[in-house]
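Based on the provided sequences and hints, a complete structural model is requested.
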Amino acid sequence: MDSFTKFAPHLIKTNNVAFKERNKVTEIYKNPPIGKKVIIKGWVRTKRESKNVIFINLNDGSTIKNIQIVADPDKLKKDQAIKITTGACLSVTGEVVESQGKGQSFEVIADQVTILGESHPDEYPLQPKKHSLEFLREIAHLRPRTNTFSAILRIRHAMTFAIHKFFNDKGFVNFHSPIITSSDAEGAGEMFRVTTLPPNSVPVNDSGELDFKDDFFGKEASLTVSGQLEGELAALALGEIYTFGPTFRAENSNTTRHLAEFWMIEPEMAFYDLEDNMNLTEEFLKYLVQYALDNCLDDLEFLKNRALDEEKNKPQNERNELDLIERLKFILENPFERISYSQAIDILKDSKPNKKGKFQFPIEGFGADLQSEHERYLVEKHFKKPVILFDYPKDIKAFYMKQNSDGKTVKAMDVLFPGIGEIVGGSQREEDYDKLLSRVKELNIPQESLWWYLETRKFGSCPHSGFGLGFERLMLFVTGMGNIRDVIPFPRTPGNAEF
RNA sequence: UCCUCCUUAGCUCAGUUGGUUAGAGCGGCUGACUGUUAAUCAGUAGGUCCUUGGUUCGAGCCCAAGAGGAGGAGCCA
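FYI, the numbering for the first sequence is 3 to 501, going by our numbering.
Hint data in this document are derived by calculation from the structure and do not stem from the laboratory.
From a predicted model like this one, the values you see are computed outputs, not experimental measurements.
Misleading hints may appear alongside valid ones.
[To be verified] What follows is a set of in silico ranges between Cβ atoms, one per label pair, in the way DEER data are often shown:
| # | residue 1 | residue 2 | range |
| --- | --- | --- | --- |
| 1 | D348 | P496 | 36 to 42 Å |
| 2 | E23 | E125 | 56 to 62 Å |
| 3 | T257 | F137 | 16 to 22 Å |
| 4 | E253 | E320 | 27 to 33 Å |
| 5 | Q362 | G103 | 54 to 60 Å |
| 6 | E328 | S440 | 23 to 29 Å |
| 7 | L240 | F137 | 31 to 37 Å |
[What the hints assert, rightly or not] Taking lysine to any residue and the SDA-like style, the derived pairs with C-alpha atoms no more than 20 Å apart in a straight line are:
| # | residue 1 | residue 2 |
| --- | --- | --- |
| 8 | K77 | K104 |
| 9 | K77 | I117 |
| 10 | K43 | K104 |
| 11 | K387 | I341 |
| 12 | K437 | G421 |
| 13 | K172 | E285 |
| 14 | K49 | E23 |
| 15 | K383 | K410 |
| 16 | K43 | A112 |
| 17 | K167 | I182 |
| 18 | K386 | G421 |
| 19 | K410 | K314 |
Beta carbons: idealized from backbone N, C-alpha and C, even for Gly.
Structure (structure tokens):
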């Protein structure tokens, strides 16, 4: 007899033998133990009360589904019924029975109800009704108690796990690139400074500039904007690696697609050329979408219906042609379109909106950086599916990308998704020391801060590639949410670091 | 950072041409009723109309500045 059975022989055994005192609602739904006793612990979503019977919809976070508790008011202790209000936390012991009502196949007849935490009804801001996402952002500490956010957070977990599983199954090594860094080599954006210097008396040198000699690291330090450069070092020893960590950009970006603190996945592979890189990217994204469909269907269904509900208020032409689940399946069933930057320019040049002057930035020819409107045209109007663009002009891409023999382009690729835009950016890296160095010089990048990176090209260099996937942008696509601030627990954006 | 829009009850929102005491639904509270399903019915409480200044006999409404929020653009993942 194990400790569980000894403690509570009348209870159903769950997977979690270490914790004896709770049956998870998700497990009860998987195989309803009719006639057995269970202990449910969770938060009240709604209560309906009458003289003879009280119905409580309880949610324990293990699934989007609530469980209906049926309680006899006479059995409850004095005043207990009054304290069972929306948001209160209860522990309920009772028997699972087939439901007499219509909305559910089974329910729990309560023997005993314990109120673990009251929730004052005058003050609790969540009501059993739809709240605006803007309002919920202001109460981010309570957001996870809503159906929408609990669904998003469960999916977020599933995607996190799937990312590690995908790479682990392929033999990639999870590599922890540093979060504090002293290089801004990629030039990926403005950085947050990390310092222990006193804010009101900053040391300056003779020429009046900030002097970091007395700072914690003895030099200027910042939060990382990318783990890629360190990732490359690891790939040139371990073969295939990936990083998955927080990333910080101090850009003053106020959009539905940008955060100051976000999570990024950056695989880096020795011996991969650009095509291998694109193949891996496509396989990876499809794997994640498949994983969500296989493991999060209840939550996806909920989010699908939520989005359909919202779209009812929109004019027909602004609605999605496909619902969330259809969109996810569409990704799986269709190969991504792969075209070069030059081909894309040709398509855009000949496109109706360009000829009719509808683009805010008209396309004239090679060299132009593609704007959102162009990417959207390619993905949403022309191809109507994900597009991988490759071989970009070197002048609009980073210094480390491998130069093509045409002298104009580099082996870069961007994956564009409908409704989101750039979800992945990657490239084959320049492995030739002289070419890389000349590019560093051309762009006036301080060579001394990159000595370690350059050295990898001196000692056993090899072709290698990698990409970066913005985790929250993936989450936007998988959940169908419209604002990146709603797919991360506590969004950090300009002017907002509450909670 | 730029452009556009928004800010009225706890929430979602209406508020006419500037005119007396600012409304609705939901939620809260009180009661009734019912194996209920975001229950239903009746009653009830609840307001710094974002802030400041101005125009006016009179401002929720008009003007100016500020604060906060949203969407789009740029930057990017």
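Evaluation of the provided hints:
{"no.": "1", "hint": "D348 - P496: 36 to 42 Å", "in the structure": "holds (38 Å)"}
{"no.": "2", "hint": "E23 - E125: 56 to 62 Å", "in the structure": "violated (29 Å)"}
{"no.": "3", "hint": "T257 - F137: 16 to 22 Å", "in the structure": "holds (20 Å)"}
{"no.": "4", "hint": "E253 - E320: 27 to 33 Å", "in the structure": "holds (28 Å)"}
{"no.": "5", "hint": "Q362 - G103: 54 to 60 Å", "in the structure": "holds (56 Å)"}
{"no.": "6", "hint": "E328 - S440: 23 to 29 Å", "in the structure": "violated (49 Å)"}
{"no.": "7", "hint": "L240 - F137: 31 to 37 Å", "in the structure": "violated (47 Å)"}
{"no.": "8", "hint": "K77 - K104", "in the structure": "violated (24 Å)"}
{"no.": "9", "hint": "K77 - I117", "in the structure": "holds (14 Å)"}
{"no.": "10", "hint": "K43 - K104", "in the structure": "violated (24 Å)"}
{"no.": "11", "hint": "K387 - I341", "in the structure": "holds (13 Å)"}
{"no.": "12", "hint": "K437 - G421", "in the structure": "violated (37 Å)"}
{"no.": "13", "hint": "K172 - E285", "in the structure": "holds (12 Å)"}
{"no.": "14", "hint": "K49 - E23", "in the structure": "violated (24 Å)"}
{"no.": "15", "hint": "K383 - K410", "in the structure": "violated (28 Å)"}
{"no.": "16", "hint": "K43 - A112", "in the structure": "holds (12 Å)"}
{"no.": "17", "hint": "K167 - I182", "in the structure": "violated (27 Å)"}
{"no.": "18", "hint": "K386 - G421", "in the structure": "holds (11 Å)"}
{"no.": "19", "hint": "K410 - K314", "in the structure": "violated (48 Å)"}
Against the hints set out earlier in the document, violations occur for numbers 2, 6, 7, 8, 10, 12, 14, 15, 17 and 19.
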